[in-house]
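**Q** Chain by chain, the residues:
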Amino acid sequence: MSSFARMRSVAAAELGVASRSRRALATVLIFSAITGIAMYLTISMFAAIEAELLKLLALPDAGETGSVTMTLWQSDQFNRMVSHMTRNSAVFADIQGRHPVVLAYAFFLFSLVPLVTLMTSSASVASDIRSGSVRYMLVRVSRAEWSIGKFFGEAAAVLAAMAVGALAAWAVAICRLPGWSALGLAGGVFDWTLRAWIYSFAYLGLFMGLSHVVRSPGKATALSVAALVALGIAANRWPWLEILSPSSSQTLLWRRDPAAFMQGAVHLVSLAFLYLGLGAFVFSRRDV
Amino acid sequence: MIASAVSTRALTKRYGKRKALDGFTLDVPAGSIMGLVGRNGSGKTTWMMSVAGLVRPGSGEINLLGRGPFDASVHSGRIAILPQDSELPLEMTPLSLLSAFARLQGLGAKEAKASAQKALESVNLSDRARASIRSLSHGMRKRVMTAQCFLGEPELVLLDEPMNGLDPEEAERMRNFILSGLGRRTTVISSHNLLDLGRIATHVAFVEDGKVSRVATMKELSDSGKTLEEAYLGR
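Note that the protein sequences, when read in sequence, are chains A and B. The working numbering puts the first sequence at residues 1 to 288. The working numbering puts the second sequence at residues 1 to 235.
Keep in mind that a hint or two might mislead.
[Claimed, not checked] Cβ-Cβ distance ranges computed for the label pairs, FRET-style:
(1) B:Arg67 to A:Ala144: 17 to 27 Å
(2) B:Arg130 to A:Leu53: 52 to 62 Å
(3) B:Asp223 to A:Lys219: 50 to 60 Å
Simulated from the structure, these hints should not be mistaken for lab results. Each residue gets a CB set at the ideal place from its N, CA and C atoms; glycine is no exception.
Using the sequences provided together with the hints, build the complete structure.
**A** Have a look at this one:
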């Protein structure tokens with residue numbers, strides 16, 4: 001059996017465990033509720049702002065939430081203003097044609113990525129070490145195969161959680177925006193979900209890497225939170241350290257330009273394997 | 001066939017100041033059932049875990065099935081272990097877990113499922129194959145742990161206290177099952193239950209303070225007119 005096949009089997013087993021785990025189920029439910037509520041509140045907010053605007057300008061009802069915002073969004077003056085505010089004209093140019101409701105969803109989603117990843121995966125390795133269940137695996141696969149297989153299994157579990165959340169957000173959106181194309185909304189929602197999933201890799205690598213060096217699931221989660229805070233503080237104080245922080249590539253994932261997007265994706269995948277590799281290296285020298 | 005399924009020379013392992021293994025040397029004849037007896041903390045479990053690659057010895061040599069120390073690419077599917085105090089993933093079902101283990105040992109999807117079903121049958125758990133492990137009793141979980149050792153016919157099986165937590169009927173079934181592999185596979189059993197061990201082992205190694213003090217065949221013991229318990233207690 002090839003090494004790749006063994007890693008694939010570990011990943012499948014990990015996904016099987018995650019899909020039956022109470023913690024993962026709770027995460028999916030909470031995440032779906034948050035994305036659904038966030039979508040509902042976003043649309044309500046746009047509807048309220050637009051109603052206020054129409055009333056103020058004494059204009060007839062546009063009939064569809066988002067259409068006024070979209071018009072405003074695409075006007076040159078507004079573009080220049082926002083472009084100046086974001087200080088990143090390339091990012092702004094890339095997101096300009098997208099529906100504001102979908103962009104608001106993307107903003108929520110990217111903000112939630114560290115939390116979702118923390119909840120699903122931060123303790124996954126430590127809990128296997130603590131319970132001893134890792135021993136049954138390590139007489140069948142190498143430690144490196146186990147670590148990499150687990151990473152991909154957890155990545156698949158995060159994708160599943162995000163897909164369910166995206167479905168909830170999409171369902172709310174088509175109920176609240178009946179005039180919009182359901183397919184168009186689905187395309188927007190799932191496009192951003194995939195981008196956010198790629199963003200989650202670096203967090204997954206960081207949390208799972210840390211989880212390799214402790215035995216207690218609680219300590220692994222605490223260590224992950226501490227690492228997030230430390231990275232944030234360090235990148236703020238010493239900007240050259242920003243390259244070690246997943247958030248440094250977030251804006252690149254918002255880009256439509258394939259080269260910029262790939263640059264961000266490669267950075268995030270590299271970070272993931274750097275952190276996972278460091279954790280796996282420590283683990284390879286430990287007794288289990 | 002190789003003469004020794006496991007050969008360890010002068011293994012050492014320290015946990016802080018305590019020496020868990022202190023020159024542990026042992027050859028386990030291929031096809032035998034080797035019993036390891038000794039007090040708590042004498043080094044039996046550490047030796048087993050070192051052989052399986054789960055614990056890294058400080059020094060010494062391990063030769064496993066004639067192919068050096070444990071290496072997953074060489075030994076995967078050829079050795080199995082029933083570790084002490086190790087839980088199974090509680091969310092999975094026995095059938096899905098054993099199928100996953102069998103896949104890791106290189107079996108195809110259908111073969112893996114068939115092998116998992118056969119293993120569960122052999123420990124009398126077919127009726128709970130699709131229940132979650134969380135819902136199983138301690139004894140049933142122990143039987144699942146034992147079943148995973150016999151997936152895909154491994155050449156070497158390391159069992160740490162395999163009879164603990166089993167009722168008398170299941171313990172008897174387990175003994176018969178271990179005996180059924182005599183000559184075909186090598187089994188090493190660490191146990192404090194000398195009566196059980198005396199009924200199934202072909203060889204016995206007495207372990208004291210991190211090293212083997214004596215190795216004997218059960219025939220040698222019986223020829224000397226002693227039971228295993230008497231030999232252990234030095235009577």
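**Q** Does each hint fit the structure? Answer for all of them.
**A** Evaluation of the provided hints:
1. Between Arg67 (chain B) and Ala144 (chain A) the beta carbon distance is about 19 Å. The supplied range of 17 to 27 Å therefore holds.
2. Take Arg130 (chain B) and Leu53 (chain A): their Cβ atoms lie about 59 Å apart, and the range 52 to 62 Å holds.
3. Checked against the hint of 50 to 60 Å, the pair Asp223 (chain B) and Lys219 (chain A) passes, with Cβ atoms roughly 55 Å apart.
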